[in-house]
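Enquirer: Generate coordinates for the entire structure from the input sequences, incorporating the hints supplied.
2 protein chains.
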Amino acid sequence: MKVMVLGADGYLGWPLSMKLANKYDYEVIGVDNFSRRERVREIGSDSALPIRSMDERIRAFEENFGKKIIFEEGDLRDYEFVEKIIKKYRPDVIVHFAEIPSAPYSMIDVHHAVETHENNVNGTLNLLFAMKEFSPEAHLIKLGTMGEYGTPNIDIPEGFFEIEYRGRKDVLPFPRQAGSFYHQTKVHDSNNIMLACKIWGLRSTDIMQGVVYGTRTDETAVDERLVTRFDFDEAFGTVINRFCAQAVIGHPLTPYGKGNQTRGFLNIMDTMRCIETIMRNPPKEGEYRVVNQLTEVLNINEIAEKVQNIGKELGLDPVIERIENPRVEAEEHYYNVDYKKLGEMGFRRKYTVDDSIRYMLEDLIPHKERIEKYKRHIIPKIKWREGLSE
Amino acid sequence: MKVMVLGADGYLGWPLSMKLANKYDYEVIGVDNFSRRERVREIGSDSALPIRSMDERIRAFEENFGKKIIFEEGDLRDYEFVEKIIKKYRPDVIVHFAEIPSAPYSMIDVHHAVETHENNVNGTLNLLFAMKEFSPEAHLIKLGTMGEYGTPNIDIPEGFFEIEYRGRKDVLPFPRQAGSFYHQTKVHDSNNIMLACKIWGLRSTDIMQGVVYGTRTDETAVDERLVTRFDFDEAFGTVINRFCAQAVIGHPLTPYGKGNQTRGFLNIMDTMRCIETIMRNPPKEGEYRVVNQLTEVLNINEIAEKVQNIGKELGLDPVIERIENPRVEAEEHYYNVDYKKLGEMGFRRKYTVDDSIRYMLEDLIPHKERIEKYKRHIIPKIKWREGLSE
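Here the protein sequences line up with chains A and B, keeping their order.
Per the numbering used here: the first sequence ends with 470, consecutive numbering throughout.
Per the numbering used here: the second sequence ends with 470, consecutive numbering throughout.
These aren't lab readings, by the way, just hints derived from the structure by calculation.
Incorrect hints may have been included.
Pairs involving identical chains hold if they fit within one copy or between any two copies, as the list cannot separate such chains.
Straight-line C-alpha distance at most 27 Å; calculated DSS-like pairs for lysine-lysine [to be verified]:
#1 K278 x K167
#2 K249 x K338
#3 K430 x K147
#4 K421 x K249
#5 K453 x K420
#6 K164 x K82
#7 K249 x K420
#8 K453 x K386
#9 K455 x K249
#10 K392 x K364
#11 K461 x K212
#12 K164 x K453
Expert: This is the structure in structure tokens:
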């Protein structure tokens, strides 16, 4: 099996590339333009765990596991490039992680909102057209987000729902109410992919993913040259990772607003296993399938308390300090999400937030100085109403 | 009242600009980059009714009505330009027609799909950010399309619906199932505008418009230098207009596929009155309002028969010849649309398709030679599955 991983230099893309090459012996073609490294630098921050160049990563992977990863550098916004790689490799599976993944980044100003659209939406369009021409049978595994749904006052099904309205029934896409321009780009992608499957017979799994946390996977843990990035700044750091970084340097844990915002979460090692499960269970020709990918539902205050308690056991003693919410979002809301499809395909979660925080803190403590160095980028300066204020 | 009309050189934008300046004495600022003229030429066609340059149009309008229209040439994809005009005029109302309006054009190839996204989605994003900074009180009247909804098997409400799902209720955006990349850009716009209203308190009316037909308005009819464009090519011509052009040159009327596709329609003069009605009934701060704008629901076969019958009375005798459907769409489907909000605001339709076809044919007959000249661009060469084939 030939798998192309778009965004292979990223938090999920790099460990997934290793996992697929190591555990399954798949032929893995990684693709990236290294823009994530650049954008985190633009924010002024850096990965808490030091990461190596792609060349060094691939060399170290080969030394440790005796397996190869092919790599192509390029940008999905360039159709010529996309056409070239799809034509050259004709992959069986394309895992598409090559998007700007930050809500705050998209809210900095008009240029960042437009850039997020161009990168994510146009990049995906280029990919869809190249697939149609050169690999129409391939399974596109596209990373969306649970944030596409927003926080409706009814249960959230997996992508589609049957409803009765004025006495008639239909199965329709579940309404999306995304809360940032970044989240909107994922909704736009979902809509475009659904259309491409319908008119061209492509097959795709669109993953509505919860918030991923964790400092390691089986492969990243064996050699320091193989670690994956770990962001904790306001734009690219996600909540559990950010709280762990805060705890390590004695910074208060900072829920936004009331902290009762509820979300789905999953460990990065479970994420790897979810993607593998989806890969082994492809949709049929023309099928656009939506999977909700999460293993736990928690609110932000609960997470802060977990990090606080486990931090105390390690002698860190972090305080919790709620700060003004930079976002526009409901801070108290109903949240009941279906996540059955992955279970039906055979996935079982291995990790919980409780299991993970201790080893995450332990992994981060040796890099305390790096976190200290960039800590001024943790507290949000990007606000949904005003954009970036310094 | 200061009204900015984006896309003021277009089929609807030009007559609306005149109507608002003439009938209401509004201060009208027209904006366009003339890309529609260019894109129709790219297809190889031209307007059946000859149109003048913007300079000549404005001069002729002033001569006839003694009123001025201000004009600014520029492109909404250029944020500097958008910022400049919003800052300079700080309009009370912004009517946004400045989008590529063609489904087939967006399906030519990847470049046209991406270009339609860049023009429509990024242009609208630029506008939203400029409004937020410089005219947050303005009423944005945005042209969407009924095509955003697709053809669900349940009634289509106006933008939102209350549903019960697993025993809980919420009012949610009605699911969109757009059938081309062009239609998808309108869905993306709707989602982005909804977000901007929510987070920034902007106010907007998003018009889900039916298919507009007609050769004239009150103002275009008084001087040949004031006519608005009339496209009949496969990409920019819409169905009633295209059938009328076909009838005039003795070309068969060509429904796509079975011809039972059902859509909403309205006369261009009623369109003007709808927009005026919406303008006089602005939404409140932060409100994102969706209006379904149509006056009749018909299927394509019914329209072909109407054009055939009225054509016969004028000695034209067109035949009806169903051709292979270039699109991927349901050719038999349920279609029941709400369109009550405009009536509640005071709008009453003045024209039906039956009333209009005769004068449309009469208006087109003097331009028979122009239609003849470009007739090879009527039959579709752009196909949803294969793109453009020559």
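Enquirer: Hint by hint, note whether the structure agrees.
Expert: Hints and how they fare:
1. In the homo-oligomer, the alpha carbons of K278 and K167 lie at most 27 Å apart inside one protomer (22 Å), although the nearest pairing across protomers, at 43 Å, exceeds that limit.
2. Only between protomers do K249 and K338 lie at most 27 Å apart by alpha-carbon distance; the minimum there is 25 Å, versus 39 Å within a single protomer.
3. Taking the closest pair of Cα atoms, K430 and K147 come within 27 Å of each other only inside a single copy of the chain (26 Å); across copies the shortest separation is 73 Å, beyond that limit.
4. For a Cα distance limit of 27 Å, the shortest separation of K421 from K249 qualifies both inside one copy, at 23 Å, and across copies, at 24 Å.
5. In this assembly of identical chains, K453 and K420 lie within 27 Å of each other by CA distance neither inside one copy nor across copies; the values are 42 Å within and 60 Å between.
6. For the identical chains of this complex, K164 and K82 are intra-copy neighbours only, at 16 Å inside a copy versus 50 Å across copies, given an alpha-carbon limit of 27 Å.
7. In this assembly of identical chains, the alpha carbons of K249 and K420 lie at most 27 Å apart whether taken from the same copy (23 Å) or from different copies (22 Å).
8. In the homo-oligomer, the alpha carbons of K453 and K386 lie at most 27 Å apart inside one protomer (25 Å), although the nearest pairing across protomers, at 75 Å, exceeds that limit.
9. Neither within a single protomer nor between protomers do K455 and K249 lie at most 27 Å apart by alpha-carbon distance, with minima of 53 Å and 43 Å respectively.
10. For the identical chains of this complex, K392 and K364 are neighbours neither inside a copy (50 Å) nor across copies (50 Å), given an alpha-carbon limit of 27 Å.
11. Taking the shortest Cα distances, K461 and K212 sit within 27 Å of each other only across copies (19 Å), while inside one copy they are farther apart (42 Å).
12. With identical chains, the CA atoms of K164 and K453 are never at most 27 Å apart, being 41 Å at best within one copy and 40 Å at best between copies.
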